[in-house]
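Protein chains in written order, with the numbering used here: chain A, 4 to 309; chain B, 4 to 348; chain C, 43 to 369.
Note that these hints are calculated values from the structure, not bench results. Please read all numbers here as calculations on a predicted model, not as lab measurements.
Here are the simulated DSBU-like pairs of lysine-lysine, each with C-alpha atoms no more than 30 Å apart in a straight line:
hint : chain 1 : residue 1 : chain 2 : residue 2
1    : C       : K244      : C       : K169
2    : A       : K191      : B       : K154
3    : C       : K243      : C       : K191
4    : C       : K243      : B       : K320
5    : A       : K191      : B       : K34
Label-pair distances were calculated between CB atoms; the ranges are:
hint : chain 1 : residue 1 : chain 2 : residue 2 : range
6    : B       : R51       : A       : L280      : 51 to 61 Å
7    : C       : F338      : B       : S207      : 24 to 34 Å
8    : B       : G170      : C       : P150      : 39 to 49 Å
9    : B       : I89       : C       : Q78       : 48 to 58 Å
10   : A       : L49       : B       : E153      : 37 to 47 Å
11   : B       : R51       : C       : E63       : 49 to 59 Å
12   : B       : G170      : C       : P60       : 27 to 37 Å
Covered stretches of chain B (in silico footprint by chain A; criterion: 3 or more residues with CB under 8 Å from a CB of chain A, positions within the stretch not fixed):
hint : segment
13   : 116–128
14   : 142–150
No residue lacks a Cβ here, since even glycine has one placed at the ideal position from N, Cα and C.
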Amino acid sequence: MIFKSMTKNRVDELATSKSRGWKGVGESFARFSQSRPALVSACVLLLLLIIAVFGPTLAPHDPIKIGTGARLQPPSRTFLFGTDQFGRDVLSRVLYGTRLTLQASIIAVVVAAGIGIPLGLIAGYAGKWTDAVISRFIDILLSFPGILLALIVVAILGTGLTRVQIAVGVSLIPAYARLVRGSVLSAKENVYVEAARAGGCSAFRIATRHILPNIFVPLLVLSTTAVGWAIIIATSINFIGLGVQPPTPEWGADLGAARSYLGVAWWPGTFPGLAILVTILAINLLGDGLQNALDPRLKHRMIMEK
Amino acid sequence: MIRSGSRWESVSGIGGVMSAQDALIDVQDLKVQFLAMEQFTAARKRSRIRAVDGVSFAIQRGEVLGLVGESGCGKSTISRSILQLIPITSGDIYFNGQNLCELNERQMRRIRRRIQIIFQDPYASLNPSMTVYQTIAELLSIHHIAEGREKRGRVREMLEVVELDPGFIDRYPHEFSGGQRQRISIARALIVNPEFLVADEPVSSLDVSVQAQIINLLQELQEKFDLTYLFISHDLSVVRHISNRIAIMYLGKIVELASTDELFRNPMHPYSKALLSAVPIPDPEVEIDRQRIILTGEVPSAYNIPAGCRFNTRCWKSMDVCFSVEPEMTEIEQGHFTACHLYTR
Amino acid sequence: MSSQKSLLEIRNLHTSFPMREGTIRAVNGISLSIRQGEMLGIVGESGCGKSVTGLSIMRLVPFPGRITAGEVLLEDTNLLSLAAEEMRSIRGSSIAMIFQDPLTSLNPVLTISRQMTEAITTHTELKGRGARGRAVELLRTVGIPSPEKRIGDYPHQFSGGMRQRVMIAMALSCRPRILIADEPTTALDVTIQAQILDLMKKVCQEIGTSIMLITHDLGIVAGLCRHVAVMYAGRIVEMTDVGEMFASPRHPYTYRLLTSTPRIDRRKERLQPIGGLPPSLLDPPEQCLFAPRCEFAVDRCWKEIPKLEEVREGHSTACFRSNDSLW
Numbered sequence: 004m005i006f007k008s009m010t011k012n013r014v015d016e017l018a019t020s021k022s023r024g025w026k027g028v029g030e031s032f033a034r035f036s037q038s039r040p041a042l043v044s045a046c047v048l049l050l051l052l053i054i055a056v057f058g059p060t061l062a063p064h065d066p067i068k069i070g071t072g073a074r075l076q077p078p079s080r081t082f083l084f085g086t087d088q089f090g091r092d093v094l095s096r097v098l099y100g101t102r103l104t105l106q107a108s109i110i111a112v113v114v115a116a117g118i119g120i121p122l123g124l125i126a127g128y129a130g131k132w133t134d135a136v137i138s139r140f141i142d143i144l145l146s147f148p149g150i151l152l153a154l155i156v157v158a159i160l161g162t163g164l165t166r167v168q169i170a171v172g173v174s175l176i177p178a179y180a181r182l183v184r185g186s187v188l189s190a191k192e193n194v195y196v197e198a199a200r201a202g203g204c205s206a207f208r209i210a211t212r213h214i215l216p217n218i219f220v221p222l223l224v225l226s227t228t229a230v231g232w233a234i235i236i237a238t239s240i241n242f243i244g245l246g247v248q249p250p251t252p253e254w255g256a257d258l259g260a261a262r263s264y265l266g267v268a269w270w271p272g273t274f275p276g277l278a279i280l281v282t283i284l285a286i287n288l289l290g291d292g293l294q295n296a297l298d299p300r301l302k303h304r305m306i307m308e309k
Numbered sequence: 004m005i006r007s008g009s010r011w012e013s014v015s016g017i018g019g020v021m022s023a024q025d026a027l028i029d030v031q032d033l034k035v036q037f038l039a040m041e042q043f044t045a046a047r048k049r050s051r052i053r054a055v056d057g058v059s060f061a062i063q064r065g066e067v068l069g070l071v072g073e074s075g076c077g078k079s080t081i082s083r084s085i086l087q088l089i090p091i092t093s094g095d096i097y098f099n100g101q102n103l104c105e106l107n108e109r110q111m112r113r114i115r116r117r118i119q120i121i122f123q124d125p126y127a128s129l130n131p132s133m134t135v136y137q138t139i140a141e142l143l144s145i146h147h148i149a150e151g152r153e154k155r156g157r158v159r160e161m162l163e164v165v166e167l168d169p170g171f172i173d174r175y176p177h178e179f180s181g182g183q184r185q186r187i188s189i190a191r192a193l194i195v196n197p198e199f200l201v202a203d204e205p206v207s208s209l210d211v212s213v214q215a216q217i218i219n220l221l222q223e224l225q226e227k228f229d230l231t232y233l234f235i236s237h238d239l240s241v242v243r244h245i246s247n248r249i250a251i252m253y254l255g256k257i258v259e260l261a262s263t264d265e266l267f268r269n270p271m272h273p274y275s276k277a278l279l280s281a282v283p284i285p286d287p288e289v290e291i292d293r294q295r296i297i298l299t300g301e302v303p304s305a306y307n308i309p310a311g312c313r314f315n316t317r318c319w320k321s322m323d324v325c326f327s328v329e330p331e332m333t334e335i336e337q338g339h340f341t342a343c344h345l346y347t348r
Numbered sequence: 043m044s045s046q047k048s049l050l051e052i053r054n055l056h057t058s059f060p061m062r063e064g065t066i067r068a069v070n071g072i073s074l075s076i077r078q079g080e081m082l083g084i085v086g087e088s089g090c091g092k093s094v095t096g097l098s099i100m101r102l103v104p105f106p107g108r109i110t111a112g113e114v115l116l117e118d119t120n121l122l123s124l125a126a127e128e129m130r131s132i133r134g135s136s137i138a139m140i141f142q143d144p145l146t147s148l149n150p151v152l153t154i155s156r157q158m159t160e161a162i163t164t165h166t167e168l169k170g171r172g173a174r175g176r177a178v179e180l181l182r183t184v185g186i187p188s189p190e191k192r193i194g195d196y197p198h199q200f201s202g203g204m205r206q207r208v209m210i211a212m213a214l215s216c217r218p219r220i221l222i223a224d225e226p227t228t229a230l231d232v233t234i235q236a237q238i239l240d241l242m243k244k245v246c247q248e249i250g251t252s253i254m255l256i257t258h259d260l261g262i263v264a265g266l267c268r269h270v271a272v273m274y275a276g277r278i279v280e281m282t283d284v285g286e287m288f289a290s291p292r293h294p295y296t297y298r299l300l301t302s303t304p305r306i307d308r309r310k311e312r313l314q315p316i317g318g319l320p321p322s323l324l325d326p327p328e329q330c331l332f333a334p335r336c337e338f339a340v341d342r343c344w345k346e347i348p349k350l351e352e353v354r355e356g357h358s359t360a361c362f363r364s365n366d367s368l369w
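Chain A extracted, bound-state conformation (with noise of 0.2 Å):
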């Protein structure tokens, strides 16, 4: 079928001039950039990500070596970080235990995203009974606290590092499914979502190519969030004891330990909770810093555009 016709009408200019796509994303960041809080924060978990990979290597001394120097030595030049109970370096300790922090983070995430999304989907698209059977569900997890939904998990599988990741990666599904489901409610009343219907897009190809494209920056947003309730979930469990075992380094669990010292020492449990604190509010302004970048405020814009 070769047309050609009615050229001379065709319509050749465009409505804006330039192409986003690519370009969208660097309007996105140009907005992101302009706050310092947010700025700020992506360097410093830039920096922890430097540290996670490399912290064996820029760490001072070892970190599990009991005996390392005198006990419980306040900070000084050879130890800046000062030493633990066993004698250990606190910030090799930091150190390494930076790059169990991240992972569980993410395994974490990944793990609520990867059953939280789909559950989400099926949950918003299908509607009806199955929504009502997966929304009560999520109910039932929701109905607990994060730390006290891992801590069962864990209960059922047992102790260990893993376990304790895949326990906070569990507390952390409620969450995606929840608003997945609610984007994906209000989504599909949109009428591109009809068009695709009318045009015989099959109900999964709806979901994943009409819908979830188009609800991926509030997950983004989400999953900044999550990785730091993740890491709060995560170094609570270490804390009390029931995830790393000793002497592996983990700040949740240095903390924890260092609490019956705190009298006499402050370094072994100061700089790991220190650590904790800083990696937490830079994910939250990092959050809060994309929220903003990537909100559509462009109906300024549009208004006089139209």
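Since the structure of chain A is already known, use the hints to place chains B and C on it.
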């Protein structure tokens, strides 16, 4: 084969009597009802909205049937029903002799290639995260019309057909104006070579100068591809321009159906007369001399359709019978139907 | 036409919206006037600046827009030079405005009674029961049945057409000299539209209010207005009385607008649309902005901005070729 069990004995198309075999689309006694919570009343019960309350019409292959009515009359519901996008309460919809209401979703999906729709809002009907190519080519993949590289060629061709620069093939919807987006929607609808196209208020959201472009385009495409249209609009001027026959709807029922020329020459139903007289004409000399029929009263709520003729709350010619008996669609003159007691005494 | 002094006169108005990419010149040098009791239509498509013109008169231009030049004279007072307090006392009492969507123009959580009496008590000496009585009378005038009962209702309890009537009642409650109506019937069904336009005409004739009707619908203008100004890309391209405009337009845009509008009383074979797209108002070039879409454009059109000049008595147009017989 003449339809049995239908109200009408004959349906005149563009010329002459036609049997049901010529009808591409044949809607019989369609009823669509919604359950909704009636808003802002003390009673918290669910009420039925009779959005479409017994509508029958047929569209001949190659013709354009205009469906006109004001908001709430049910015209959009009809378009969704024909495409089986919403569930129907009762009635039958035949496409080429096949009853769409009896098909399951999978069978319907195969039919969807032959029936397409263009929506009103050009800003909402395109997926913002898909390029023009992806949006149009998707239908090619789904219906296995073309694969791989061939798709791109076809999409480019189709863009030419709808008078868009094919160089825009990888752009996103927000880069286009309303009129251009509507062209993209048209391209998407036509890429699968459908037989029947429902145009649901396709130009209502566009500027006047752009409206004319799109109307012309739709007319040209109809002639070129021998398409059949159901053209839905609230704008009588546009409908007059493009339709062969026009059906006027009010509160869920068709009140008058006739060929375009006939309807404007001799509108029968009082609502039709009021509608025609209410449309402003861009010509001051005509406007000044015009006899305007100004309807008094408001449109009744969809929850509470009046007994008898549903137009009786605003009709200046109502008689006693209009408040008790609902008038039926009858052929008054050849090809000219109306549902009004004034003509069926 | 008697040489009455104008009630409202706009002189060389410029309103711009500075954005990151540049300045959007929404109103790019407009001059017009309205006399007492007159109905002036401002016609144009979306983005031509007609709404912003109305908002500029009321000094209600939304951020980041600013009026950058010009004068708006209400009799002899330049509204643009008034202090905020003084302008507030003009708004609603001397000049009133109604908008397109009555649902969002009315406060959904206040009763009609509250909203109407608020306007009345602010601008007149009536208070309490007197104000309420006045409001009821106004509702009756605009055709709301059982106004004493309905005045206590909320906006959502009215239909679209009734809400617009309420808006008109509110706007006219203080007997303004001028009513600016920005697409007042676009969101309404056509039979309701006929009622509302009829109402506006009647009531304004009774009170003697001038109307500035902003619309894209040529049919409405033909039936209601005495004088018309056609806007395109922030400028007025043609201004004359309504009969003249439809019978012998002198600007290509006006002409094309008329040939591309389908009419209910005529069936044309093919509409003759205007090709191309409406122009961007972002830092517009110094030329005739209609030139890219104009089939009659010549060299000069791309280099200079045509000024609005009189081609016949009472008929001005902004086109270099207005004296050529192009159609």
